[in-house]
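Keeping their order, the protein sequence lines are chains A and B. The working numbering numbers the first residue of the first sequence as 1 and each following residue consecutively. The working numbering numbers the first residue of the second sequence as 1001 and each following residue consecutively.
Keep in mind that the hints were calculated from the coordinates and are not lab data. Be aware that a few hints might be false.
According to the in silico footprint, chain A covers these stretches of chain B (three or more CB under 8 Å from chain A) [as the list claims (entries may be wrong)]:
id, stretch
1, 1351 to 1362
2, 1374 to 1388
3, 1417 to 1424
4, 1442 to 1449
5, 1466 to 1473
6, 1484 to 1491
Chain B side only, calculated, beta carbon under 8 Å to chain A, not exhaustive [what the hints assert, rightly or not]:
id, residue
7, ARG1366
8, LEU1367
9, GLN1371
10, LEU1393
11, ALA1413
12, SER1414
Label pairs and their calculated CB-CB ranges [what the hints assert, rightly or not]:
id, chain 1, residue 1, chain 2, residue 2, range
13, A, ASN160, B, ALA1481, 51 to 57 Å
14, B, ASP1317, A, SER107, 14 to 20 Å
15, A, GLY141, B, VAL1428, 32 to 38 Å
16, A, ASP210, B, GLY1482, 49 to 55 Å
17, A, SER107, B, ALA1048, 51 to 57 Å
18, B, PRO1425, A, GLY141, 46 to 52 Å
19, A, LEU154, B, PRO1324, 45 to 51 Å
20, A, GLY141, B, ASP1454, 43 to 49 Å
21, A, SER107, B, LEU1109, 53 to 59 Å
22, B, PRO1457, A, GLN206, 56 to 62 Å
23, B, PRO1425, A, GLN206, 34 to 40 Å
24, B, PRO1324, A, ARG170, 46 to 52 Å
25, A, GLN206, B, ALA1297, 21 to 27 Å
Note that CB positions come from ideal geometry on N, CA and C, so glycine has one too.
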Amino acid sequence: MSDSVFDALCEQLAVWKGGHPVPQRVPGLSTRFTSLDEALPAGGWPSAITELLTDCTGIGELSLLLPALAEVSRDRGIVLVTPPWQPYAPAWADAGIDLDRLLILLSCAMRDGLACAEMSLRSGACGAVLIWESGLQALPGQTIPNLALRRLQLAADSGNAAALLFRARRQSVQPSPAAVRIQLQRRAAGLEVTLFKRRGRSGTQQVTLDPYPASLQTALSYRPRQPLHRFPWPLQQAIRGTSPSSLSAR
Amino acid sequence: MLWIAMLLPELPLQVSHRGLLPDLPLVVCDHQTQRPLVLCANPLARNAGIVPGMAVAAARALVDGLIVQEQDPAREQAALHALAGWALQFTPTVTLEPDGVLLEVQPSLRLFGGLARLGKRLEQGAAQLGFAVSISVAPTPLAARLFALARLSQPALRGSTALPRLAAKLAPLPLALFDWLPETVATLAQLGVTTIGQLRDLPRDGVIHRFGRQPLDDLDRADGSVPDPRVTFAPPPRFYSRIELAAELDRLDWVLLPVQQLLAELEGYLRARQHGTQALRLVFEQGRDRQFTVDIALGAPGCRADDFMRLVRERLDRCVLEAPVQAIALAVDALQPYVPPNRLLVADAASQSLAWRQLCDRLTARLPAEQVYRLTVGNDHRPERASCRHTDLQATTRQRVSVPVSDIDVLSASRPTWLLPSPRPLPVAGGQPQFGGHLTLLTEPERIEAGWWDDDPVSRDYYIARNPRGQLCWVYRDHAAGHWYLHGLFG
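Model the full assembly from the supplied sequences, consistent with the hints where possible.
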């Protein structure tokens, strides 16, 4: 077969050359981190399940998603299914998420939670659904069956929404039908994102990045002009240099 | 004037048949205690050999598992009222007959696309309600009723729309269609007068002298030579409809059929009044003093039966039936003005928000109350009050998040994405708090002192800290006793 005919077949996705990335028909939701966008097969979070395997909350796993969620929130809604803690409204609003289109589902049985997730994904009114497996577990160690995951993936595809599933690290050895599987771990240099399963690509890729927004970096590196430990005044006053209000509770 | 007659043949049978699964034999009997006789039988019973007029005991002997219902005039009246209330969405002039309804549709023809389309819609709509109707049209109400009755035996008969030709069309109809005394009809038959045309040919004085005024009065009213004013039906202020099931249903998915019929009635009633409703109550009666209630709430007033049905299905999915259902009732108390949403060709913001509202309704129907909520930013420095939960999912006012002063961008950025439900006390080792290891404080303290004006004063110094696992935490030191607490996590 001549090269041009073979290339044409490859382009029409009729033939896949192993080792070459399969071009995805639908572009994914851009993550706003260029290194991660390049590593993901669809150029962003796909309209399918992305599994994020992590053992502890607070290492930046949500900040990795927040820029993409802010983009989604502009015209569609977001549903959180059984998050481990309560979302703190000022932080989410500051990240650019429209709070009128954010719904949070509290602890519910796995069957109900998965049915609601499927309903939200399929409806088309939702751009992203975040599911925490730990919140759905009735007994520790209970996992979402693969059949249910397949249904969620089909629902995400039909509703053109991204399903992001947070699971424990030990699930990495269990097979799963998710399109993308990522392991997250905190290192000294930043958050290490290991993509060990990607639909249409082979091999594992590791990306290290800093998920927190630039404003938080500034906040962490901020040092006031005067050392605060000598003055019991509020921080605002120290920045503005105005006289204190009589709001001292003592 | 153009009248459409919708008649329900075998009304007692149709009323008992609502909500019944189609493969059960059913007869309706009269009220005699000694020897009840069969009044009507459904096709399955008739195939087994039961004829109207035979004794119920004989019928029971013929068919195994026969369902026998007593005729209930109150239920029949309620069914006619339900049909009339539903028919009000097509015209404001609806009259009740003993076995059907009459609609005056001349002003509504253009809106509903012509007589043929309207007739088809009426037939299909009545089928959705669980009724099989015979429909016919005529310029006068009595003639419409006669044509509809005649159609039961001659389905090919067509009504008439023009008044001048009405007399000619009425001529071949039999006199038995009128509700005169049987003696009158028998005597006229002996005289050789069996059709309306033949009666009209007889001399008027003679007929009046022999049979009274009623026969000629009826003929004149049917012709249109004498006016025939009717009392219009007025809908009740509250919607309440009840279907008593002929056979008990012990599975929830069988119950969906009568619920669908009730919701179709409700849609007709709401459309007639141009109102919608935000709250429905479905009561499933399971016997004496035993029932269970399903309350459905919508975020915005709705009137479409499909939307209600979707929510009812979600709610019934999580219910477990403890006893068989004997009757189902639907009640709606409060009505709100209904504005149908504009449907545009291209999906845009309006249709997106409609889809979002429908999703919110379905989620609240699916889960128990208080399990779905949305957030708003509260106007308070205390972190536990700065994030408020609301279980009413429709935001009525667009919330303006207060724009932070530019100097304090540092502060608004240093808020965690997760907040603990209540602050967790941290053990202290070597003067430093511990959470998953030794916490390293990364920022200078941020002091929050607020709430001295109500019973919940807080006085805390907040820090952002990191632990060896890599978690970024929001911890604070309380001024009251100097204890350390964990309040949030930067996810």
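Non-conforming hints, listed in increasing numerical order: 16, 18, 19, 22, 25
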